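Asker: Given the coordinates of chain A, assemble chain B onto it according to the supplied hints.
There are 2 protein chains.
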Amino acid sequence: MIQITRESLTVDLVRKLLRKGALTNLKNILQKFHPADIAVFFNYLSEKEKETIFRLCVEIEKFPEIISLLEPSESANFLSTLKKEEIYKIFKNIHSDDVVDIINALPEELAQDILSFMKKEDVAEIESLLEYEEDTAGGIMNPDFFALEENTTVKDAVDSLREAKDVEMVFYLYVVDNRNHLVGVVSLRYLVTSKSDAKLKDIMNTDVISVRTNMDQEEVAKIVTRYDVLAVPVVDEENKLVGVITVDDIIDVIREENTEDMLKMAGTTEEEIVTKSTYSSFKIRLPWLFATFIGGVFASQIMGVFQENLKDFIALAFFIPIIMGMGGNIGAQTSTIVVRGIALGKVDVKQFWHFIFKQFKIGILLGITYGILLGVIAKFLHGEISYIGITVCLAIICEMTIGSILGTMIPMILKRVNIDPAVATGAFVTTALDILGIVIYFFLASVFIF
Amino acid sequence: MIQITRESLTVDLVRKLLRKGALTNLKNILQKFHPADIAVFFNYLSEKEKETIFRLCVEIEKFPEIISLLEPSESANFLSTLKKEEIYKIFKNIHSDDVVDIINALPEELAQDILSFMKKEDVAEIESLLEYEEDTAGGIMNPDFFALEENTTVKDAVDSLREAKDVEMVFYLYVVDNRNHLVGVVSLRYLVTSKSDAKLKDIMNTDVISVRTNMDQEEVAKIVTRYDVLAVPVVDEENKLVGVITVDDIIDVIREENTEDMLKMAGTTEEEIVTKSTYSSFKIRLPWLFATFIGGVFASQIMGVFQENLKDFIALAFFIPIIMGMGGNIGAQTSTIVVRGIALGKVDVKQFWHFIFKQFKIGILLGITYGILLGVIAKFLHGEISYIGITVCLAIICEMTIGSILGTMIPMILKRVNIDPAVATGAFVTTALDILGIVIYFFLASVFIF
Numbered sequence: 001m002i003q004i005t006r007e008s009l010t011v012d013l014v015r016k017l018l019r020k021g022a023l024t025n026l027k028n029i030l031q032k033f034h035p036a037d038i039a040v041f042f043n044y045l046s047e048k049e050k051e052t053i054f055r056l057c058v059e060i061e062k063f064p065e066i067i068s069l070l071e072p073s074e075s076a077n078f079l080s081t082l083k084k085e086e087i088y089k090i091f092k093n094i095h096s097d098d099v100v101d102i103i104n105a106l107p108e109e110l111a112q113d114i115l116s117f118m119k120k121e122d123v124a125e126i127e128s129l130l131e132y133e134e135d136t137a138g139g140i141m142n143p144d145f146f147a148l149e150e151n152t153t154v155k156d157a158v159d160s161l162r163e164a165k166d167v168e169m170v171f172y173l174y175v176v177d178n179r180n181h182l183v184g185v186v187s188l189r190y191l192v193t194s195k196s197d198a199k200l201k202d203i204m205n206t207d208v209i210s211v212r213t214n215m216d217q218e219e220v221a222k223i224v225t226r227y228d229v230l231a232v233p234v235v236d237e238e239n240k241l242v243g244v245i246t247v248d249d250i251i252d253v254i255r256e257e258n259t260e261d262m263l264k265m266a267g268t269t270e271e272e273i274v275t276k277s278t279y280s281s282f283k284i285r286l287p288w289l290f291a292t293f294i295g296g297v298f299a300s301q302i303m304g305v306f307q308e309n310l311k312d313f314i315a316l317a318f319f320i321p322i323i324m325g326m327g328g329n330i331g332a333q334t335s336t337i338v339v340r341g342i343a344l345g346k347v348d349v350k351q352f353w354h355f356i357f358k359q360f361k362i363g364i365l366l367g368i369t370y371g372i373l374l375g376v377i378a379k380f381l382h383g384e385i386s387y388i389g390i391t392v393c394l395a396i397i398c399e400m401t402i403g404s405i406l407g408t409m410i411p412m413i414l415k416r417v418n419i420d421p422a423v424a425t426g427a428f429v430t431t432a433l434d435i436l437g438i439v440i441y442f443f444l445a446s447v448f449i450f
Numbered sequence: 001m002i003q004i005t006r007e008s009l010t011v012d013l014v015r016k017l018l019r020k021g022a023l024t025n026l027k028n029i030l031q032k033f034h035p036a037d038i039a040v041f042f043n044y045l046s047e048k049e050k051e052t053i054f055r056l057c058v059e060i061e062k063f064p065e066i067i068s069l070l071e072p073s074e075s076a077n078f079l080s081t082l083k084k085e086e087i088y089k090i091f092k093n094i095h096s097d098d099v100v101d102i103i104n105a106l107p108e109e110l111a112q113d114i115l116s117f118m119k120k121e122d123v124a125e126i127e128s129l130l131e132y133e134e135d136t137a138g139g140i141m142n143p144d145f146f147a148l149e150e151n152t153t154v155k156d157a158v159d160s161l162r163e164a165k166d167v168e169m170v171f172y173l174y175v176v177d178n179r180n181h182l183v184g185v186v187s188l189r190y191l192v193t194s195k196s197d198a199k200l201k202d203i204m205n206t207d208v209i210s211v212r213t214n215m216d217q218e219e220v221a222k223i224v225t226r227y228d229v230l231a232v233p234v235v236d237e238e239n240k241l242v243g244v245i246t247v248d249d250i251i252d253v254i255r256e257e258n259t260e261d262m263l264k265m266a267g268t269t270e271e272e273i274v275t276k277s278t279y280s281s282f283k284i285r286l287p288w289l290f291a292t293f294i295g296g297v298f299a300s301q302i303m304g305v306f307q308e309n310l311k312d313f314i315a316l317a318f319f320i321p322i323i324m325g326m327g328g329n330i331g332a333q334t335s336t337i338v339v340r341g342i343a344l345g346k347v348d349v350k351q352f353w354h355f356i357f358k359q360f361k362i363g364i365l366l367g368i369t370y371g372i373l374l375g376v377i378a379k380f381l382h383g384e385i386s387y388i389g390i391t392v393c394l395a396i397i398c399e400m401t402i403g404s405i406l407g408t409m410i411p412m413i414l415k416r417v418n419i420d421p422a423v424a425t426g427a428f429v430t431t432a433l434d435i436l437g438i439v440i441y442f443f444l445a446s447v448f449i450f
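Read top to bottom, the protein sequences are chains A and B. Here the working numbering is used: the first residue of the first sequence is 1, the next is one more, and so on. Here the working numbering is used: the first residue of the second sequence is 1, the next is one more, and so on.
Bear in mind the hints are in silico, worked out from the structure with no lab data behind them. Owing to the predicted nature of the structure, the values given are computational and were not obtained by experimental measurement. Even for Gly, the Cβ is constructed at its ideal location relative to N, Cα and C. Any given hint could be a false lead.
With beta-carbon atoms standing in for the labels, derived distance ranges [said to hold, decoys possible]:
#1 B:E109 x A:K155: 34 to 42 angstroms
#2 B:F443 x A:D216: 34 to 42 angstroms
#3 A:Q31 x B:I372: 18 to 26 angstroms
Every beta carbon over 12 angstroms from chain B, so not counted as near; a handful from chain A, in silico [said to hold, decoys possible]:
#4 L23
#5 L26
#6 E61
#7 E109
#8 D113
#9 M118
#10 V123
#11 A157
#12 D207
#13 R226
#14 T246
#15 Q359
#16 L394
#17 V417
#18 V447
#19 F450
27 angstroms max Cα-Cα, derived DSS-like pairs, lysine-lysine [stated by the list, open to error]:
#20 B:K276 x A:K350
#21 B:K361 x A:K361
#22 B:K50 x A:K361
#23 B:K276 x A:K415
#24 A:K32 x B:K201
#25 B:K350 x A:K50
#26 A:K276 x B:K350
#27 B:K48 x A:K50
#28 B:K27 x A:K222
#29 A:K350 x B:K48
#30 B:K62 x A:K201
#31 A:K346 x B:K32
#32 A:K311 x B:K201
#33 A:K358 x B:K276
#34 B:K311 x A:K276
#35 A:K222 x B:K62
#36 A:K276 x B:K222
#37 A:K50 x B:K361
#38 B:K27 x B:K62
#39 B:K276 x A:K222
#40 B:K311 x A:K201
Chain A extracted, bound-state conformation (with noise of 0.2 angstroms):
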């Protein structure tokens, strides 16, 4: 039995063995973990630790696989190292979508250098998948996919499955008619339990589901995911199959989605998860901080009007940051909620006003019981001002049911306009509640106090 290890444990066994220097005895235990347990640990060293892990890796037996078990951008970093004949090794022993995925990570130079030296043949294939945008099913499918004539037998069939080798995860047996156009699907299971002398497309299940080469990742993952199919066949515009994607690639898919979401809706992006650099850091997040910056300084110059009013009523001032605060907590709320929604499918966009009418009773809900929560407090605290606790309190609920409404519809706008919900959901919801907090406030003031 393979006993499942445990990250913390294998690092601390493998630090403990790289200071020590014990490198023949690491590499003994390197021989013997899963290619994906190394994969992951790798994640867990520094710099200098991985380069002399690499180094023990180049000599052990499924180093490709490590290869590509790897982030791509890492394995280039590594193999970038190496000499071109050595590289050119690894990439034969690993599917030609991993290796399409490393030399896309590649620097240029050396990328040409490498298809240059590969054979003709196996250039055509990685050329072909290099066409393919990165996103799309043609870039993430595996173009060495197990399908047979429709008039083979069961029993040939069987046969050719024995022979082929480099096919990755075979439970589907494609069928193809003799133009190479995708007609049908015989589950493994099936075939085995099927008569021998019998045809593929005598028992092939032609309700086949495929999906185009240029169909968008996320689409593809949602088709897999609905129709709980393993793997999906990829057939170009004539219908021919071209390649197969399986569902562990659907899982990337899915998670880097939702990576990606996540940190578009904080202001930042996954580029970020992957640099080890400052100042890439540094450039990704600073335009998404400019957007509070603008509305802060606007802000700002709108409270510089009620200057000559905000001297004689300074407590005002008190309550500025918290009617501010309460609008953007709501409004990230709200607008995750929203976001979160239309990418599980629960949050239908053309159902606008539902969901509008639907937050702006949870908004104003929770603004009357801050509001007055906050309107008690001033009025206790700062009683002097008259109708202070009524300015605060309705400044709380006006503020608070606009984050939720607003919460609600910039995500669904940018839907509809086909613009990711994710990517302005954050910044255009907080700089617009901070500037309109700041309105609503002093409208308030001017109304009941000044």
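Answerer: Quick look at chain B alone, frame taken from chain A:
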């Protein structure tokens, strides 16, 4: 070929037929849809429309499959309008793990009623499943798996496969000893290509990865995705095989956990996505907003201490929103990067100081950039107050640097003490930053201005 149905078109068509009252027509169309498609477009219908569609679906053949694909709460809701006998009939046609999810969502009394109505043997299996925690391997596994004794021949295995009906997606054949202990696994592909008189114990792979019934579902997801397996067998404390978890269940787990993290960070929970009641949403969000509220009240009290100074230098108040906003924003960016990094295994909490130092550098760089920008603006607009530029500039630098450090520290510390880093990160970070921002600003103002 199955046409991938577009939700929007489907929903429009269904609505049109509903409005016309063309129910027979509608029923015919429903019959042609894939159950998964019906389950998806259900999400887009109003409560009233759902009821009508549900009544139509009851009569079509694939109804049990539709029921098992809907949200358990939704299925429970609909089923509770049916007679016990009818519910029983449906339960007999869906997998026990789905039955358990629905029973868990039914009102207590009705659940008991149905359990006592069901036949003895069915109830035994379901009751044993009900004992597992919902978010453990036992809670998500399917007890209908395909396992054979190690002395079975390949020929007999293929025959059993032909007879097995109720088992979910067979692609691995699990091998047990005569006491039902899991001892190996044979992939269907390998089975097909083996000699028919070979015994399973001779061809099986003994390196089978299994999980215990009490393992957290998130851990199970990690294992399945790491080792790229399509299913993982579940064993009890005695290593006896009790169920199997397939990759489609794992995708649900990943989606669920991601939703949970995103919503927790924004200050709400995943229940809000499902609930229809305004009052439930109100109750879920109320406590999360309280942290911001308390932070705001504190901040206002601190400002109260400086009210006389503030009156003399009223322009200082104008910059409070922007300082708090920039702090909150960088705090959200950093904590999201760290929380997501932990979830993806890219951030190791043992390298505490390494990550703090990295985020410190990013924070101080961004702080200097925006600090100088705002300092210049402040000097230009309110130059009548000497040192206002330097005060505002230093306040932004300090606030953003601290925002970056807290955004890194808080989730890492929570993870170390085994609290879900997503839970409290959002509220903790912003509240702490609101208060610290005010304190730092007024401290700097005391030094340079008051």
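Asker: A separate judgement is required for each hint: does it hold in the structure or not?
Answerer: Hint check:
{"no.": "1", "hint": "B:E109 x A:K155: 34 to 42 angstroms", "in the structure": "violated (58 angstroms)"}
{"no.": "2", "hint": "B:F443 x A:D216: 34 to 42 angstroms", "in the structure": "violated (51 angstroms)"}
{"no.": "3", "hint": "A:Q31 x B:I372: 18 to 26 angstroms", "in the structure": "violated (55 angstroms)"}
{"no.": "4", "hint": "L23", "in the structure": "holds (23 angstroms)"}
{"no.": "5", "hint": "L26", "in the structure": "holds (19 angstroms)"}
{"no.": "6", "hint": "E61", "in the structure": "holds (16 angstroms)"}
{"no.": "7", "hint": "E109", "in the structure": "holds (29 angstroms)"}
{"no.": "8", "hint": "D113", "in the structure": "holds (31 angstroms)"}
{"no.": "9", "hint": "M118", "in the structure": "holds (26 angstroms)"}
{"no.": "10", "hint": "V123", "in the structure": "holds (27 angstroms)"}
{"no.": "11", "hint": "A157", "in the structure": "violated (9 angstroms)"}
{"no.": "12", "hint": "D207", "in the structure": "violated (5 angstroms)"}
{"no.": "13", "hint": "R226", "in the structure": "violated (5 angstroms)"}
{"no.": "14", "hint": "T246", "in the structure": "violated (8 angstroms)"}
{"no.": "15", "hint": "Q359", "in the structure": "violated (8 angstroms)"}
{"no.": "16", "hint": "L394", "in the structure": "holds (16 angstroms)"}
{"no.": "17", "hint": "V417", "in the structure": "holds (16 angstroms)"}
{"no.": "18", "hint": "V447", "in the structure": "holds (21 angstroms)"}
{"no.": "19", "hint": "F450", "in the structure": "holds (14 angstroms)"}
{"no.": "20", "hint": "B:K276 x A:K350", "in the structure": "holds (17 angstroms)"}
{"no.": "21", "hint": "B:K361 x A:K361", "in the structure": "violated (43 angstroms)"}
{"no.": "22", "hint": "B:K50 x A:K361", "in the structure": "holds (23 angstroms)"}
{"no.": "23", "hint": "B:K276 x A:K415", "in the structure": "holds (22 angstroms)"}
{"no.": "24", "hint": "A:K32 x B:K201", "in the structure": "holds (23 angstroms)"}
{"no.": "25", "hint": "B:K350 x A:K50", "in the structure": "holds (17 angstroms)"}
{"no.": "26", "hint": "A:K276 x B:K350", "in the structure": "holds (17 angstroms)"}
{"no.": "27", "hint": "B:K48 x A:K50", "in the structure": "violated (59 angstroms)"}
{"no.": "28", "hint": "B:K27 x A:K222", "in the structure": "holds (26 angstroms)"}
{"no.": "29", "hint": "A:K350 x B:K48", "in the structure": "holds (17 angstroms)"}
{"no.": "30", "hint": "B:K62 x A:K201", "in the structure": "holds (26 angstroms)"}
{"no.": "31", "hint": "A:K346 x B:K32", "in the structure": "holds (23 angstroms)"}
{"no.": "32", "hint": "A:K311 x B:K201", "in the structure": "violated (87 angstroms)"}
{"no.": "33", "hint": "A:K358 x B:K276", "in the structure": "holds (9 angstroms)"}
{"no.": "34", "hint": "B:K311 x A:K276", "in the structure": "violated (47 angstroms)"}
{"no.": "35", "hint": "A:K222 x B:K62", "in the structure": "holds (21 angstroms)"}
{"no.": "36", "hint": "A:K276 x B:K222", "in the structure": "holds (24 angstroms)"}
{"no.": "37", "hint": "A:K50 x B:K361", "in the structure": "holds (23 angstroms)"}
{"no.": "38", "hint": "B:K27 x B:K62", "in the structure": "holds (12 angstroms)"}
{"no.": "39", "hint": "B:K276 x A:K222", "in the structure": "holds (24 angstroms)"}
{"no.": "40", "hint": "B:K311 x A:K201", "in the structure": "violated (87 angstroms)"}
Going through the hint list in order, the structure does not satisfy hints 1, 2, 3, 11, 12, 13, 14, 15, 21, 27, 32, 34 and 40.
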